[in-house]
Every structure is written in C-alpha cells, then in structure tokens.
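Engineer: Here is how the chains run, residue by residue.
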Amino acid sequence: MRNSFFFSALLHAVVIAVTYYGVPFLRHPPLVMDTPIAVEVVTIADKTNAPPPEAPKETPKAKEPPPPPEPPKVVETPPPPPMPAPKPEPEPEVAAVPPPPEPKPQAKPAPLPKEEPKPAAPPKLADKKPKHKPKPPDRFASALKDLAKELKKAEPASPAKKEAEKKEAFETQIAKALSSKPRQHDPSLPVSISEIDMVRKQIEKCWNLTSGAKNAEDLIIEIKVEMNADGTVRSADIVDKGRMQRDSFFSAAAEGALRAVLNPNCQPFKLSPEKYDQWKTMTLNFNPKEML
Amino acid sequence: MRYGWITALVVLSLFSGAWPAAAELKIDITRGTVEPLPIAVVDFSGNTPDDARFGKDISGVIADDLERSGLFKPIDKRAFIQTDMALNTLPRFGDWRVINTQALVQGRAAIAPDGRLKIEFRLWDVFAERQMVGLVYFTIPDNWRRVSHIIADAIYKRITGEEGYFDTRVVYIAESGPAIRRIKRLAIMDQDGENHRFLTDGSSLVLTPRFSPAMQEITYMSYYGNLPRVYLFNIDNGRQEVLGDFPGMTFAPRFSPDGKKVIMSMAKDGNSEIYVMNLGTRVVTKLTNHSAIDTSPSYSPDGSQITFNSDRGGTQQLYTMDADGQNVQRISHGEGRYATPVWSPRGDLIAFTKMTKGRFFIGVMRTDGSGERLLVEDFLVEAPTWAPNGRVLMFFRQQRMEANKGGGAQLYSIDLTGHNERVVITPVDASDPAWSPLIPN
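As you go down the protein sequences, you meet chains A and B in turn. Going by the working numbering, the first sequence opens with residue 1, and the numbers climb by one from there. Going by the working numbering, the second sequence opens with residue 1, and the numbers climb by one from there.
Okay, chain A solo, but in the shape it has when bound:
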C-alpha cells in the first residue's frame, strides 16, 4: 500500500515534470535560420559627454620653415609652330642654360607664425542655458506641463490635487536633473559619430574635386593627419607615396585632398579637446564614390 502510494506519487511527479519540461528526446526545437544582421558598433552622439567650457590650451608648434624653392628645370626651347605660310622663320637656338640663382637665405621671408589658436572652445549650449532662462529645460518641462494639464482636465478634481502636486514635484525634479550642470564628462569615451560627422562636413566643404577625371572611382586617397590640440592641423601626409610617383591622376587627386585638409578656412576641426589623445593622429580617407 505504502509502496503503491510511493510509486503513484513518483509517477505523478514524472508526468508533471514531463508536462512542464517536455520529453527531451521527442521534441527538437526547430532550427532558427535567422539572417544575420550586420551591426556596426558606433558611439552615438552623446550630449551628456559634452566637454566643459574650460578647454585646455596648447600652443601649436610653429611650422618648420618650408624648403627654399628648387631652381626651375631648364626646358629645351619649343620651336615656333609650323606656319601654314611658306615663309620660314629662324629656328631659335637651343642652348644650355644656367639655372636661376639659388634663393638668398637673408632674403627669405621668415615663415609666418601660425595663427593664434582661437580662444577656448565656446561654452556649450547646455552650460549657457541657465543664465538666460530661469527654467532651463523649458521645452521638456512645458511638454510635461501640457501633459499634466490634460491629465488634470481628464481626472476628477479633488483626488487629483495630490497627484498634481506629486507631478509638479516630479517635474521640478526632472527640470533640476536636466539643468544640473557639470555633467560627468569622460574623456576616455571614444570620439562620437556626431563629432566625426562634423569634421567630415567641415572637410567636405573644402574638398574640391576635379570632376570628369578618368577612372575617378579608383582615386581613393588616404591622408595621415597630425593634429594640434586646438583642432588645427599640424601636419598632413599622403600615405601612398609610391603611387604619387607613378600615377599623375592619383598625385593630382591626392594633392587636391591634401589642400582640403590644409585649407585654413575649414579649420579648426570641431573635436572635443578632452579627447585629444584619441584624435591627435587620424587617417582621412578620401573616396569620391558619392560624387561619381
């Protein structure tokens, strides 16, 4: 009797367990063939990581004086074009020509000092707001207010009063939270994609493409840039020097890209100075694919 009860209990337990968990060998979960989704891990614009106004200054290194001009190459005299009139013209003599004098060192103008770095980065909007407006996160707060008003209208008056008070408190809390200045700024965070976009926009304005070049889609140029802390370019170098020698189309395109990087009208790059360590050297990849 006792055994039967035991077996009965055991069997019941087994049945319950099987119902709950399922029989392991009878049910194979169907293979899920999900198409893989490519995910690019990027840092989205993070306003909360905006740099504080006091940007550290660093005087950019003075540029090395450029090398003196090379003496022009002497080219053989081009003869006058063949004239249709039969009258022959004297052919100019071709003579070896001494190169023009080397530039005198004393006459060389001193290299221009680089423009002073602009004063510290302007304070960010978030920091300025409280000075001008008593309630800084006005939009959000007002949106909440509207919401609160609507709720007030909808709900009966007496019990809603307390609720409204609570909401008011909540609202002010949010307002406080939003307006509370110095946000935690972490310079170790990666340069955000919005900052990269900003720099991209800056350089695009200065990149003057020579359109109509043959096989322009192959003219992809990498430029290695060393930056000053104020966002100006200290030096820029075309990576593929070998191709510069071989391919005149490439070298023209590469020099065009270099001019875009060096163009003072498009500097300083708007990158946060705290992350200087991360962008003090960077590689710019010029690919005209969207322009073809």
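I should point out that these hints are in silico values taken from the structure, not numbers from a laboratory. There may be inaccurate statements among the hints.
[Said to hold, decoys possible] No more than 30 Å apart at the CA atoms, straight line, and that leaves these computed lysine-lysine pairs for DSBU-like: (1) A:270 / A:241; (2) B:157 / B:260; (3) B:26 / A:205; (4) A:289 / B:260; (5) B:260 / A:224; (6) B:77 / B:157; (7) B:260 / B:286; (8) A:270 / B:260; (9) B:286 / A:289; (10) A:205 / B:77; (11) A:241 / B:260; (12) B:157 / A:224; (13) A:289 / A:201.
Starting from the structure of chain A, add chain B where the hints point.
Structural biologist: What follows is chain B alone, placed relative to chain A:
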C-alpha cells in the same frame, strides 16, 4: 587531444590579432565640392619695360587659358596683398591664404643678350607651402604666346593630372556669304582664337577637315570640279593632293592614331562602305561589306578598334568593329538616330551627334554604349571633336537658316561633364571644327 590543443592555440591567436590595442580615428570623406580652383597668376616680372610688358602679356594668356578651362578661377589682381614678388625668394604664403589662393604662379621674362626671350615660372601650392613645378623656356620673342600656352599646360597638368590642351590649334570651315552662295574656306587658329588664318581661298567647297596626329597635314573633303573627294593638305607648304583614285565619292576621312593611314567612306551606287588607305603604300582595304550605309569611321586611340555609324539595324546607330573590320557590334540603343561618333583620345568615351524629335544633341557614351549622357541640345548642334586630353569637346551650333543671311553657325567648347560651355570666337561664321593634337616641340 594533441589536435585539441593545437586548435585552441590557433583560435586564441586569431582572436588576439583581431583586437588592436588602440584603434586610430579614421574618417571617410565621400563628398566634395566641384568648384574652380582659386589660382593667382602674378604678372611675370621683368627688368626693363620691354621685359615687363612681355611678362604681363604672358601671365595674361596663362590666366585666360586656365580660366577658359573652367577648372580654375584666376583671382583678381587688385586683391593681391604681396606685390613685391621675386622669383628667387619664397612667397609670403600667409598673404595668399588670406585672399583664398590655393595655387600661385609667378615668373620672370627677360630678353637675353642674344635676342632670345627667357621665360621662367614657378607654381606654388599655397597651403602646403611648396613648389609644385618650376621651368625655364628659351624662345624667339615672337613665340611668347605659344610659350604661355605651354606654361598653362604645365600648370594644368600638374594640378589636374591630365595633359593640357592649350598648346593646340583648331581647323574649321569658315563660312561667309548668303545661304544660296555660301563660301566655305578652310581656316586654322590657336585654340584661343588667336593667330587666325585662312588656308584655302574658297573657290571650292570644303568639308570635314581632320588633323593628322603628326600635325603637318589635314585631311578633308572638297568638291573640286564638282567631284567630291578626300584631300590631304600640308600645312607647312600649302600643297593639296587627292587621296586615292576611287570610282565613287569619298568623304568623312580621318587619320589613324599613328598618322600612317586614312580611314574614309566611299559611296557607290547608292551604298557607302568604309575603306582604309595606307598613306605609305597607297594600298586601299575595304573594311565593311553591307547593303546598308556605313560611314563616319573613327579609330580608338590605340588603333585596334573603329567606331562608325550604320543603318544596318533599320535606323542610323553607332557600331564598333576591330581595325580589320571583324567583330561588328552595335553600341547605341537609344531613341532617334546617332551620327558622327568620335573616339576620345583618352579612350574611355565616344562622342556623337544624336537626332531625335526634330532636335540635335551632342553626347558621350562609354565605348560599350553604356552611360549615355547628352551634353548639349539645340536646333542644330553637330560635329563634336575632342581636345587632345579627352576632357573638352568642341562642336558647332547653327541657328535656323534664312534665305539671304547666313545661318550664324558658331563654334563652342564644353567640358565633358556638361559644364562650362564657351563660345569660340571666330572672325566669320564657323562650322565643322577639328581639334589638333598637342603641338609637338
């Protein structure tokens, strides 16, 4: 077990390589602007007033050439801050950056004691603060204009990477007189319209002139004694000769890229075929054999292929074939009729005239017929010809003809991107231009 360890090691090594210690910031720039490059061409200096006058004229021609290309924007000289430039000292780059100069040209002209003109110039990259090119030329003073074009070509090449086209000439058909008694003369000029002269007197009608790659000869079609034939004209000595002794009318001639052959059409019994004549041996070879009309042949720059138009498919369309006439392929498939295909000297495109819905177009397509782009549309636009760098096209445009007046045909140039259309100034009405190769030194 041993394999397990090896596998583990391999997997480990793969993963350790996949994560670099610190990723460097990389930014892709995929868009830019298409604007002319701001360039400052300073008046070339000179020690004497004569030298200085040469210098000013030379820099003027250079700036005009560059401006006309549409790829450069010469900066107004009144904006220059540095005016005391000497050729053997570095420019004050900061002064040039202030006025948004990206490239700077300076130079010097001097008449040497032996009477020759010495012209030297330097091209500076203002942002990189370095010299891009510096050259010296010697020539007779009368030749200053040509040297200016050569310098403009050197600047153009250094900055765009493409060969220049300023040191070139254009032959065209100069037209004058009323429509019913139109006088058509062969004329030649520099690509900027200077040094213009007529090559024939207008007593016989001339059409479709084409330059030889060697420059001394032009081939064209002329109605001499009312018999239309292909002629050769020697620019050096002014001699003309009929090319070949064909039983029918020959027309639409063009040189092969090596200048040793002339390809043309011959019409006989209402049908026209394409022939090629070896100028050395005078041997003539028939390349097409079809009951349809085949005409307007043009060689590819390597001489291995020929493009032409034919109505063998029912309408007039463009075709390509090998230089021996084999492997004929139709390349145009659009609406309307296509004519006058011209292979680009760069090899990548074919320019053509298209006629559809009563309008004329000048367009370009790739050599396989893809990527058709129409650049110009008008009542009558025709006869595209390539600049030697394959980047600029010249053509003519004609307004509706009236009985007692000329049609007002004029030459135009346009960039192959469809921008920068310019009138080419000629003393009389002009049609059927042919651009020369770069003038050999």
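Engineer: Each hint: holds or not?
Structural biologist: To see whether the hints hold, each was checked on the structure:
For the hint linking residue 270 (chain A) to residue 241 (chain A), the alpha-carbon distance of about 29 Å falls within 30 Å, and the restraint holds. With a C-alpha separation of about 28 Å, the suggested pairing of residue 157 (chain B) with residue 260 (chain B) holds against the 30 Å cut-off. Restraint check for residue 26 (chain B) and residue 205 (chain A): satisfied, since their Cα atoms lie roughly 18 Å apart, inside the 30 Å limit. A threshold of 30 Å between alpha carbons decides the hint, and for residue 289 (chain A) with residue 260 (chain B) the separation of about 41 Å lies outside it, so the pair is violated.
Note on residue 260 (chain B) and residue 224 (chain A): the hinted pairing is violated, with a Cα-Cα distance of about 49 Å set against a maximum of 30 Å. A hinted pair counts as satisfied when its Cα atoms are at most 30 Å apart, and residue 77 (chain B) with residue 157 (chain B) qualifies at roughly 23 Å. A C-alpha spacing of about 16 Å is found between residue 260 (chain B) and residue 286 (chain B), which places the hinted pair at or below 30 Å, so the restraint holds. A threshold of 30 Å between alpha carbons decides the hint, and for residue 270 (chain A) with residue 260 (chain B) the separation of about 61 Å lies outside it, so the pair is violated.
Restraint check for residue 286 (chain B) and residue 289 (chain A): the C-alpha separation of about 45 Å exceeds 30 Å, so the hint is violated. The hinted pair formed by residue 205 (chain A) and residue 77 (chain B) meets the criterion: a straight-line CA distance of about 25 Å does not exceed 30 Å. This hinted pair does not check out: residue 241 (chain A) and residue 260 (chain B) have alpha carbons roughly 40 Å apart, beyond 30 Å. Restraint check for residue 157 (chain B) and residue 224 (chain A): the C-alpha separation of about 25 Å stays at or below 30 Å, so the hint holds.
Restraint check for residue 289 (chain A) and residue 201 (chain A): satisfied, since their Cα atoms lie roughly 16 Å apart, inside the 30 Å limit.
When held up to the earlier numbered hints, the structure conflicts with 4, 5, 8, 9 and 11 and fits the remainder.
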